[in-house]
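K.L.:
Here's the letter readout for the chains.
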Amino acid sequence: MLDPRLRTRFEIETIHELLPELTHYHLLGLKYGCAQDEVDVAFRNESRRLHPDRVSAGATPELKAKANDVYKAINEAYRLLRDPDARLAYDQQMTSGPGKEDEDSRRTAESVRDPAKAARTPKGEKYWKMALQCWEARDFTGCKMQIQFALTFEPDNEVFKEWMVKAQSGLENKKKDTGGAGNSYRIRIS
Amino acid sequence: MGLAVGIDLGTSNSCVACVRGGQVIVCEDNEGRRTQPSVVAFGSRSVVVGHRAKKQILHSPEGTVTSSKRLIGRRFEDAEVQRMKSHSAFGVFRGDNGDARLRVHGKSYAPEEISAHVLSHMKRIAEAQLGETVDRAVITVPAYFNDPQRQATRDAAQIAGLECIRILNEPTAAALAYGYTRSTKKRIVVYDLGGGTFDVSILRVDGDLYEVIATAGDTLLGGDDFDIAASEELIKLFEAQTKQSFADNRTVRLRMREAAELAKIALSEAEEVLIDLPSAWRTVQGVDHSFTYTLDRHTYARWVLPLVQKTLAICEETMKTAKMNMRHIDAVLLVGGMTRYPLVREAAQHLFGRVPDTSVNPDEAIAVGAAIQAHTLTSTDESMAPSVLLDVTSQSLSIRTMGGHCDVLIPNNTPIPTEHSKVFHTAVDQQTEVRIAVYQGEGRQADMNELLGQFVMEVPPMPRGQVRIRVTFSIDADGIVQVRAVDSVHGQEASIRIEARGGMSPEEVKQAHFGSVADQDLVPEK
Chain A
1 MLDPRLRTRF
11 EIETIHELLP
21 ELTHYHLLGL
31 KYGCAQDEVD
41 VAFRNESRRL
51 HPDRVSAGAT
61 PELKAKANDV
71 YKAINEAYRL
81 LRDPDARLAY
91 DQQMTSGPGK
101 EDEDSRRTAE
111 SVRDPAKAAR
121 TPKGEKYWKM
131 ALQCWEARDF
141 TGCKMQIQFA
151 LTFEPDNEVF
161 KEWMVKAQSG
171 LENKKKDTGG
181 AGNSYRIRIS
Chain B
1 MGLAVGIDLG
11 TSNSCVACVR
21 GGQVIVCEDN
31 EGRRTQPSVV
41 AFGSRSVVVG
51 HRAKKQILHS
61 PEGTVTSSKR
71 LIGRRFEDAE
81 VQRMKSHSAF
91 GVFRGDNGDA
101 RLRVHGKSYA
111 PEEISAHVLS
121 HMKRIAEAQL
131 GETVDRAVIT
141 VPAYFNDPQR
151 QATRDAAQIA
161 GLECIRILNE
171 PTAAALAYGY
181 TRSTKKRIVV
191 YDLGGGTFDV
201 SILRVDGDLY
211 EVIATAGDTL
221 LGGDDFDIAA
231 SEELIKLFEA
241 QTKQSFADNR
251 TVRLRMREAA
261 ELAKIALSEA
271 EEVLIDLPSA
281 WRTVQGVDHS
291 FTYTLDRHTY
301 ARWVLPLVQK
311 TLAICEETMK
321 TAKMNMRHID
331 AVLLVGGMTR
341 YPLVREAAQH
351 LFGRVPDTSV
361 NPDEAIAVGA
371 AIQAHTLTST
381 DESMAPSVLL
391 DVTSQSLSIR
401 TMGGHCDVLI
411 PNNTPIPTEH
421 SKVFHTAVDQ
431 QTEVRIAVYQ
441 GEGRQADMNE
451 LLGQFVMEVP
461 PMPRGQVRIR
471 VTFSIDADGI
481 VQVRAVDSVH
491 GQEASIRIEA
501 RGGMSPEEVK
511 QAHFGSVADQ
521 DLVPEK
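Protein sequences, first through last, are from chains A and B.
According to our numbering, the first sequence is numbered sequentially starting from 1.
According to our numbering, the second sequence is numbered sequentially starting from 1.
Bound conformation, chain A alone:
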């Protein structure tokens, strides 16, 4: 079994890489439209898992810096989503951005065969299931993140890798269709 500290390190590296693309919902591991009381619980769970102090012992300065960046983003996500008014404003900004219908990728999503049995380890399966849920919801960024998590447990899984490519192209199509506004999920405060 993977050492829990090592696992957290992988997760932090992955999230850090995807940071510009992740929504506040991704960061807290929440579904868009979730109930308000799920926000607190999610924040506590993510804090337990990803707080920089969890990886501090023996970590390189780079990893510590990444963990800090990730956690700052989680704090910011929590600050906005815990406040119903701020959350509503954020949701509106999100849906007026790239969230429009995208027939192409919808068709792709419908045509795929059921890959639910691709995972070979319980841990891998956990993330893989979440990856497929993200795919169903056409949340390609979330999908990529979850596949990457799954790959830390099954680095040689060809199906995972194949889907990673699919998720990437799904994301690119989505960006193209919306005039490259893939980043507008992020709220900028100035």
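Among the hints, erroneous ones may be present.
Mimicking DSSO-like on lysine-lysine, the simulated pairs with C-alpha atoms at most 30 Å apart in a straight line are [unchecked claim]:
1) A:K31 <-> B:K323
2) A:K31 <-> B:K510
3) A:K31 <-> B:K310
4) A:K166 <-> A:K123
5) A:K117 <-> A:K166
6) A:K117 <-> A:K64
7) B:K310 <-> B:K320
8) A:K126 <-> A:K161
9) A:K64 <-> B:K422
10) A:K175 <-> B:K185
11) A:K123 <-> B:K185
12) A:K126 <-> B:K185
13) A:K166 <-> A:K31
14) A:K64 <-> A:K126
15) B:K186 <-> B:K55
16) A:K64 <-> B:K510
Hints listed in this document are in silico derivations from the structure and should not be mistaken for laboratory results.
Using the hints provided, position chain B relative to the given structure of chain A.
P.N.:
Relative to the frame of chain A, chain B by itself:
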């Protein structure tokens, strides 16, 4: 690499602890004492710290530094520094950078250096008990300490040759000491009244997760203030008795101060105490005047009640901020030496409507929590389950805008680490500098708050409004503020010059480092 310990660097007393084999050890000195006075005495040939230094106060008051934590990270003009100046036997003066400095036997010291002597003493005590080198520490500070006070504490560690792995808030540390043996879901209040400061924090503890919901405090409210208040009353009585003014008599004031402290300690146990100073004042002609007074709890309570009420008002305000009322609270922890005083315990019990929890030792809980955090941050051995502390910033961070108002960027009680960006434009054609004054505090006007520094950014000369600078203000896990900027023209990190920022310069800190001091007289003896 050596061991990492937790150090409670208190105003009056300090304590050091370490986690070993899943157990927390509070380190004892060679006489079995678990806390050490934060007192540094300078002799002609050596420096002594702790119990031996405290013994020296009577025969060498001007060579003995006490309560230097009240000066750390402060400007000389601060009201607190001025007050300290009039109550201390050692000299307090204005340093070149505007900070408060001390003068002992004609030599000047930064408060950081005094704290470094205390830290170094605690390090040696831990090393003697644990039999290993100690080179890293989690050091606690009052939650209400601002950025310069935190920075200065870090510098003190560096001077003492300790790597400061975290600046931890004292009430949070106490909560950790309380929670690590239990695995419960609780809301707790930490009421921390120490030698120099008062903090209150409300936390949600859920297993290994400690979430600070709100915190507030007063860095000018502690046991010292109780002693000052009581000594003022004693001086008034003595003045009435002798028909003399002692406003400028330092010796009498110091003796009364000491009598007030001893009376307070005695009244924690007894109902009344006899204060007897056989030669409280000696006239120029050599005539001795004695002072005798029987102080009872009731009179003492009347003298210090305003201070106790001040702590209760801060508690009520914090409960409001946390959107909680008293029945949401599952436990009340009292920490800090002053909470041993019955009046303080009763007041806290009355306010929160429950008997305070007595399972943590008020003198040791903070060091124990710091040791647990040091273990989490440095050790991969899982003999003690790691805990996660989600702390908040105790004071708002703001910048000055037109008209001297404060524009809050990061409000108080924001979870840390955190950051906030803001875009600034040039206002004048060919402007080459953008200045941003950063403040900390809750005042609506900038001059009511503490100026952290003026950040000056150099920008390329262009028509006004064309240069946009994105400035990011961040507060790290130590509660220390960092500012960085990116200019829109180059898309690069802009250079920032900091003006009007106090504290020791990196060069000064390096020079003060104990390891590099050639003068053996400065090396504290054991």
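K.L.:
Work down the list of hints and note, for each, if the structure agrees.
P.N.:
Now the hints, each set against the structure:
A distance of roughly 27 Å separates the Cα atoms of K31 (chain A) and K323 (chain B); the hinted pair therefore holds under the 30 Å criterion. Restraint check for K31 (chain A) and K510 (chain B): the C-alpha separation of about 51 Å exceeds 30 Å, so the hint is violated. Pair hint K31 (chain A) plus K310 (chain B) does not hold up; C-alpha atoms about 46 Å apart against a cutoff of 30 Å. The straight-line distance between the Cα atoms of K166 (chain A) and K123 (chain A) is roughly 22 Å, inside the 30 Å bound, and the hint therefore holds.
The suggested pairing of K117 (chain A) with K166 (chain A) holds, with an alpha-carbon distance near 18 Å, which does not exceed 30 Å. Between the alpha carbons of K117 (chain A) and K64 (chain A) the distance comes to roughly 36 Å, so the proposed pair goes past 30 Å and is violated. In summary, the hint linking K310 (chain B) to K320 (chain B) is supported, as the alpha carbons are separated by about 16 Å, within the 30 Å threshold. Distance restraint check for K126 (chain A) and K161 (chain A): the Cα-Cα separation of roughly 16 Å lies within the 30 Å cut-off, and the hinted pair is therefore satisfied.
As the CA atoms of K64 (chain A) and K422 (chain B) are separated by approximately 25 Å, the hinted pair is consistent with the 30 Å bound. As the CA atoms of K175 (chain A) and K185 (chain B) are separated by approximately 44 Å, the hinted pair breaks the 30 Å bound. For the hint pairing K123 (chain A) with K185 (chain B), the CA-to-CA distance comes to about 28 Å; that is within 30 Å, so the pair holds. For a cut-off of 30 Å, the pair hint linking K126 (chain A) to K185 (chain B) stands: about 27 Å separates their Cα positions.
For the hint linking K166 (chain A) to K31 (chain A), the alpha-carbon distance of about 21 Å falls within 30 Å, and the restraint holds. Between K64 (chain A) and K126 (chain A) the alpha-carbon distance is near 27 Å, which keeps this suggested pair within the 30 Å criterion. Of the pairs offered as hints, the one joining K186 (chain B) and K55 (chain B) is violated, with about 43 Å between alpha carbons and a cut-off of 30 Å exceeded. Taken as a hint, the K64 (chain A) and K510 (chain B) pair is honoured in the structure, with Cα atoms around 25 Å apart against an allowance of 30 Å.
In the structure shown, a violation is registered for the earlier hints numbered 2, 3, 6, 10, 15, in ascending order.
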